[in-house]
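All chains, please: the whole structure from these sequences, using the hints.
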Amino acid sequence: MSTVNAQPQDIHKLQDKINELEFQLEQQKEITAAKEAEIATREQELAQQKVQAINGFKELEAMVRQEWLTEKKTGNYSRTSTNYRSSTNGS
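Counting from 1, one number per residue, gives the positions in the sequence shown under our numbering.
Honestly, the hints are just simulated from the structure, not real lab data. Source: prediction; values computed, not measured. All C-beta atoms in this analysis are idealised placements derived from N, C-alpha and C, irrespective of residue type, glycine included. Heads up, a few of these hints could be off.
To be verified - Restraint ranges, calculated between C-beta atoms of paired labels, are given here: (1) E26 x G56: 43 to 51 Å; (2) E59 x L25: 48 to 56 Å; (3) A33 x Q9: 31 to 39 Å; (4) P8 x L46: 54 to 62 Å; (5) I39 x N5: 48 to 56 Å; (6) G75 x A37: 56 to 64 Å; (7) K72 x A37: 51 to 59 Å.
As the list claims (entries may be wrong) - SDA-like cross-link-like pairs, simulated, lysine to any residue; straight-line CA separation at most 20 Å: (8) K29 x T41; (9) K17 x A6; (10) K72 x E61; (11) K17 x Q28; (12) K35 x L46; (13) K35 x L25; (14) K50 x L60; (15) K13 x L25; (16) K13 x Q24; (17) K58 x Q48; (18) K50 x E61; (19) K29 x N19; (20) K35 x E45; (21) K17 x Q27; (22) K17 x N5; (23) K17 x Q7; (24) K58 x L69; (25) K58 x W68.
The following block contains the structure:
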């Protein structure tokens, strides 16, 4: 039969190790929380960019549609989409 005789220094070593591991765990929790906050911020930025892109597309579509209707009414309809694209590259 083996018996365990824990010496006070062994108990202190184990307690120190436990404290160190708890400290490391807390550090990892803080790092994880910071990364999660960074991800949430980036997701929000991407969502805003998506909305802006969709709104920009809708505006562009409305402008092209209006141009087409104007040309159709005046009888000057010709495929001007390439002209329109080149004129909006700076926007």
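- Message: So if I understand the rule, the pair passes when the alpha-carbon distance is 20 Å or less; does K17 with N5 pass?
- Response: It holds: about 19 Å lies between the C-alpha atoms, which stays within 20 Å.
- Item | Holds or violated: K35 to L25, with C-alpha atoms at most 20 Å apart | Holds, at roughly 15 Å.
- Message: For the hint 48 to 56 Å, verify it against the beta carbon of I39 and that of N5.
- Response: For N5 against I39, whose Cβ atoms are near 50 Å apart, the range 48 to 56 Å holds.
- Within 20 Å, alpha carbon to alpha carbon, are K58 and W68? Answer holds: K58 to W68 is near 15 Å, not above 20 Å.
- Take the C-alpha atoms of K13 and Q24, compute the straight-line distance between them, and say whether it is at most 20 Å. 16 Å, holds
- Straight-line Cα separation of K17 and Q27 no greater than 20 Å? With a Cα-Cα distance of about 15 Å, the restraint between K17 and Q27 holds, given a limit of 20 Å.
- Query: Keeping to a limit of 20 Å between CA atoms, is the pair of K13 and L25 held or broken?
  - Reply: 18 Å, holds
- Message: For the hint 51 to 59 Å, verify it against the beta carbon of K72 and that of A37.
- Response: Because 52 Å falls inside the window, the suggested range holds.
- Does the Cβ-Cβ separation between P8 and L46 fall within 54 to 62 Å? At 57 Å between Cβs, range holds.
- Task: May I ask you to test the hint 56 to 64 Å on the CB atoms belonging to G75 and A37?
- Result: 59 Å Cβ-Cβ, so the 56 to 64 Å window holds.
- Is the straight-line distance between the alpha-carbon of K17 and that of Q28 20 Å or less? 16 Å, holds
- Within 20 Å, alpha carbon to alpha carbon, are K58 and L69? 16 Å, holds
Of the numbered hints given earlier, the model fails none.
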